[in-house]
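Starting from the structure of chain A, add chains B and C where the hints point.
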Amino acid sequence: MTEENNRLSQVKRFSGAAFCVECGRCVAVCPMAEMYGNFSIEMSPRGIIRKALTEGAEILRDENLWYCTECNAGTDVCPQGVSCRDLVRGLREMVLEEGRAETVASCRHCGKPFAALPVERFVFRRLEKEPMNVLVFLEYCPSCRRALYSRRNA
Amino acid sequence: MNPDTRYYNGNVGLVDLAARSFRVLPLDGEAVRDRLGGAAMNEHLYETFREDDPLVLGTGPLTGSFAPASCLLVATFRPSGDSPGPVHVPLTLRAGPELKFSRFDYLVFLGKADSPTMIRVREGSVRFAGGGDLFGKNLREAALRMEKEKAGGAWILAGRAGIREIPGAAAHVGTAGSFDRSGLALFMGKRNLEAVLFQGTDGLAFPSDHAGLSLELVRRIRSREGKPEGFRGALRRLGLDRGDRRIFRGAEEKVMACYHCPFPCMTHVRYPVRRFAPGKGKKDRDALWLADPWGFAALREKRPADVLPLLGACREFGLDSLFAASLFSGDETFSDAVVKLENLLSGEGPAVLSQVPPSGRGRIWSGVLPPGRAPGDGASASREEALAAAMILGICPMFLLVAPSVELADLLEFLPEKDGERVRDAAKKLLATGLSVP
Amino acid sequence: MNGGSEKAADLRKSAEQGGKPCPFLELGDLRPALKPRERFSERFMPPRNGMLVFDPSRCTGCGTCEMVCGMRNVSRVAPASASVRVLRNGAEGRNFAVHCQHCRKPLCLEACPTRAISRGEDGIVRIDRIFCTGCGLCTMACPEAAPLRDPATQTIRKCDLCDGDPLCARNCPEGALTYTRGKAFRWIKGLRWTVQTLSFLLLVVILVGTFCFFRAGVVSLSCPTGTLQNIASTKTVILSTVLSALALVVLTLLAGRLFCGWICPFGFVLDLVGKVVPAKVRPPRWFANRLNKYGVLAGAVGGSFALGYQAFCTVCPIGTLCRSYGVQGFFRSAELAIVPALAALEVTERRSWCRYLCPVGALLALVASAGLIKIVIGAKKCKKFSCIQCAEVCPMGIIDGDLLREGVSPKVPMKECISCFRCVDRCPYGAAKIRFRWQKGIPGEGRP
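Residue numbers (our numbering), protein chains in the order written: chain A, 413 to 566; chain B, 3 to 440; chain C, 146 to 593.
Don't read these hints as lab results, they were simulated from the structure.
Which chain B residues face chain C? A few, computed with CB under 10 Å, are given here:
| # | residue |
| --- | --- |
| 1 | 68 |
| 2 | 125 |
| 3 | 202 |
| 4 | 204 |
| 5 | 212 |
| 6 | 255 |
| 7 | 263 |
| 8 | 268 |
| 9 | 289 |
Even for Gly, the Cβ is constructed at its ideal location relative to N, Cα and C.
Next up, chain A with everything else stripped away, as it sits in the complex (with noise of 0.2 Å):
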């Protein structure tokens, strides 16, 4: 546990997490709030800042988590300099490494997660008009849905 708990403070340290300020400027330019019709303050750069300072390890449970799609629009308009992508990556990481990958969607060539399950969703359904057989290549992750491409063009 202590091993989870300084990896934490790590990502925190190099997120520089501490920093903010609650100002909310993150919020306003994330565009997860013109994907989700339920984007809430938890999911947001700031609540996600707020609940890896106050509640420790439990972020690393929280289904929030994968919603972000690490523009790092927010680290862009921090005053305090925060990057709300270093730290959600970092915990993404550890909880990757744990070997949960329930949330995340893996290329089904290569095995390798490439996208988090609710973003690639979201990718999926704006592209629902397109017929199924052509909408094959979201399963896959970008290199080698390049090589497949690559492939049907002789």
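Okay, now just chains B and C, sitting in the frame of chain A:
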């Protein structure tokens, strides 16, 4: 800013294989002013670390630039045995630019690793990985493993023969083989260095108008030399062409080029294997990347009927085909020939045979002209100067051989100070050291 | 292929079952979209936007394209930051350049949560820096994973065709990447409309009732379906009648249903109507069955046999057009209605009369299945997601666009094809070609 280091990152990586660590040293501006880069600068670094018997991988100022065929990476080392001085092996494909775009200009490898190691160079750092599962594998499997690593950039492999320290081993750059006839693979194998992977993500600030300059030069070269025809064209231009229609009958050819090369000298062939493996179907083909004209010619001398599959076997095992040709008498059957190669791998080859590294000026561009070819024979003095300059600037020497109308003056256009004198001086100095070594 | 359908079904089920609204927002909930204005002139002359064409057989993998593109993007020679990436397969000896295709219906545009991506009038798909948050969903949505994110800086940046003069195409030493605006003059289209107009003038306006039967001295031509009905109704076979029907049969054997696409005056009317009327209404399934026309043919012949006169010829729109609307035609009121009534079917699908009802077409279809030529579409040569113009422009709707997007070359049934060659004319990549039946090659297949 020092104009000499403008086309460099300014980093020299010092890799300690035994301790599995690396350091970054700043690039010495004085030395660059004096030597410019490439083989000459490699020699300087070699001298600096001489006691540790290093392997130096180095680029030139024009490596990665818009100069034509700017792909060169020079490997400098002293071949084992009683060789007098260091030898420079040109490594092409994309190794040079990928090293430079990983924020290193030169890499010096010291010491010996405890176990087979793979080195990954990326974004200014050097990482050590256990190469264990590449150990003793044929090229095909190694290539698959590299694919899985999503390496993307370029890789140098010691090869199956190299790791086993078999004489006659040749290093591979990608799946194309290389001009290693001087024992680079052996050297790497002795130090348990299985492979070096480069993955360049960064860039260098070459002037943007050089793109247009390069385009013009390409047009001029093509109008003078005609169309490049890959490997077959290279054979022709080097005087090694013998028709070869029977050899390539039924083969699908595709011309492949190194980094920014407008005059490619390599061809990827897919030849039907029916003739050699009677059990196979009519459509079954094997693939092979042809890049070494002299190795091809030597094998063709001995065994004209099955050059391609034997070349493929040499490539798989990591053997220099020029050396391997000396194993054959020409009378043995195809399967016997393959058995001979395999025997060599397991150490049961003829003991007397060993690779003779080039001497004299041949050391400078080793592997590109057949060893033992007397200096001045076929290559005029000014051509030798151009070749040495290419090895210094970071331009592929094969390019100069297959496009003889390209002159040093054409390449000088791409330097920050188009100072031909300095380049020629550096080339002359390099040539002189080549001769003066007993 | 099952995973996709399972996921979609999953999403729908979970949304409906849980009683919860679907958690994802629709594009319509956001700021209003820029609707592309479809100009009326574009129906007749589709816009010729420039596009990058890649020929893998010429690519040597030198990477010059990556160098110059990287130069433009980050002002340094940095192949990793280029908007074009060359995939090099040393073992198989194949090189392939992956770059944004500027699809006509971009998927990245659909996926962008802030609607930052738009397709300009020049056909170039661009990202508006003001609205882009760098989320990378476009990267995930691109079917070919075109390089959209710079691996060095992690910013989102895409190919913008260098605003009309792409550097990669200019600098490629082998000419593997080229920039083209397609054909300037679609000569097949010009020729076809000319022939159709002339044929209409001749058969309808100038000469009367000519399509059904035409005689000039010894030469006589007649409609093969009419001839069949003639034989059935009179129960006699006159050799000269049969021979005169053969002209059209021979033409079909040589060039497929060329008559339907180039000569039939009713087809000309349908094409004109189709230009003006949008095909919006979905026809019922019992109607939209291509076998129906054989039923009509059988009915025509059977009816003629039973009734003793050429049953179908009285209501045939082609015949009606020729007879009633010509200069010397007789304007019988009931007959006048047939042509507009059947032409009105164009609101359902293009050439729906030809697809589902025409007995002349049915007979010619039977002949054309043994015809000399065929249309081949090489999916490997075409650009799939970004184009599919052939499938959209085909009036008979026989090109399977979904198969093309999968990368499978569809088989074009020459029975249904009216040899209008719109697909061949339109394809900017030269992937749609006319071939003889025995020719095996498909454009793009075989060793690149």
